[in-house]
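**Student:** Let the hints inform the model, and build the full structure from the sequences given.
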Amino acid sequence: MEDIDFQAMEFAYRRCADQDGSAPAAHRAVVVGAGPVGLSTALDLARQGVRVLLLDDDCRLSTGSRAICFSKRTLEIWDRLGIGQRMVDKGVSWNVGKVFFRDQQIWKFDLLPEAGHERPAFINLQQYYAEGYLLERVRDEPLIELRWKNKVTGAAQDDDGVTLAVETPDGAYSLRAEWLVACDGSRSPVRKLLGLESHGRIFRDRFLIADVKMKADFPAERWFWFDPPFHPEQSVLLHMQPDNVWRIDFQLGWNADPVEAVKPENVLPRIRALLGPQAQFELEWVSVYTFACERMDRFRHGRVLFAGDSAHRVSPFGARGANSGVQDAENLAWKLRLVLAGHAPATLLDTYCQEREYAADENIRNSSRSTDFITPKSDASRVLRNAVLNLAKHHPFARTLVNSGRLSTPATYVDSPLNTPDSNEFAGRMRPGAVAADAPVRSNGADDWWLRQLGDEFVLALFCGDSMPDEATLAALSRLEQGPVPVRTVLVGGAQSASHDGAVQDVQGVLAQRYDARPGTCYLIRPDQHVAARWRAFDPAAVGAALRRALCLPLGEPA
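Under numbering that gives the first Met the number 0, the sequence shown has 183 at position 184, and the numbering climbs by one with no breaks.
No farther apart than 27 Å at their CA atoms in a straight line, the calculated lysine-lysine pairs in the DSS-like style are these:
1) K107 - K89
2) K212 - K107
3) K191 - K148
4) K97 - K214
5) K107 - K392
6) K89 - K214
7) K191 - K150
8) K212 - K89
9) K107 - K97
10) K376 - K97
11) K212 - K262
12) K97 - K212
13) K214 - K107
14) K262 - K214
15) K97 - K392
16) K392 - K376
Keep in mind the hints are simulated off the structure, nothing from the lab.
**Tutor:** Printed below as a string of structure tokens:
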């Protein structure tokens, strides 16, 4: 497929019917902001049957590469939204990183050393491609209406929803949102309109981003230098992107003048010092940034929910910004869908806050530690850091202390109220609150992947070995599938099992190993592919109670 120049595209403003009514038009779900998080949120809601209005105050996608590292978990979410393969096909896949101190490599790490995963640890892909591919899917979704050049200028809420004032090239109009999701970035106009703030830490340092177009024989790896000879006493990061574009981040220090730093006469010598005097390249995009680690105290305020950078912000080291925002979207979408359908109380949305605030704290903690290691703020801190780097070349214990960015991993919601605590002994990481691990399987006679069997619903994965469940079990499973909130059964057979109707085969035994499963083991998996509960034997009453817990329903009532 021929590439589209998404950065050159402008999207037409169109007058809508809401502007001609005498009273504010009513919408069930309104999303503000058409970046990666807003587009993912709208697409996820629409795929689950929710009609969505998506507002954006601009008429273009992002300028420059911006967020480029998209994690395995984000790709798995985008797989469920039908766009993951497009991202992978265009992106640069990578698992390996190298760390250098001065002129020597001190450490090489592999973020996905084991086989049996469909997706790589990361891809590098310019943000405008990610947004463009999401936008193409959004345009194909009849339940989404996207309005460009619709700027939210007022927000007033009551018990039943939010009234928005929206400014357009044709003037202002009003609309009503039963629920409003603010995905409008770190400066979040919606947050300001509601008089809310983020709190955290601003880091006193500046970095230069240079996107350089060139042909080079560097491998598709993440290279990070501490105090290199070509940029002494600072740090440098190098990443490969598609289209022969390379991302280079240069630490500048707090006293650098951001206006002067982006001038070609100051950028080009830095790049030549890294690449060599004979290197042939073109500058594609240059920017200077200062970063913060901060978040809102709460991500839900009445009928308004915040996601992505509007709710939390981290430094770029670790690729935890856009990835955590897309994970916000997935966590929120299924919960909002069930609340809108009347199948769950609004308190289910409070668990979005609990779980994603926990994830934000985890990301901020890791990001802050990375930034402190990369940019020591005292002579003593620098001496200690350099001692760690010197030791790391020869001593494995020191490598665990080297921090060039703890790269994004999904949070395990260990204390979520939606978890049903284990009543049986299990080994491994697939505890309640963990994101489901992928594994190779066979489905309908063809090689496939486990996560592709899960979809947008609650799933009960029943490991049945080489024999089918008995009639009583099948009848109980059927009743669960026919409930107001269906629980779809996926039977998992062993490598020697016959192909049961609708079952998948764990032909390599990897799935059972990762889930510590034996015949009879079953897992209740949420629509966002996190584990809700697990048992060594199927018990319909226990599954029903776990489902009610995962929906914030009273435990004595049917789900």
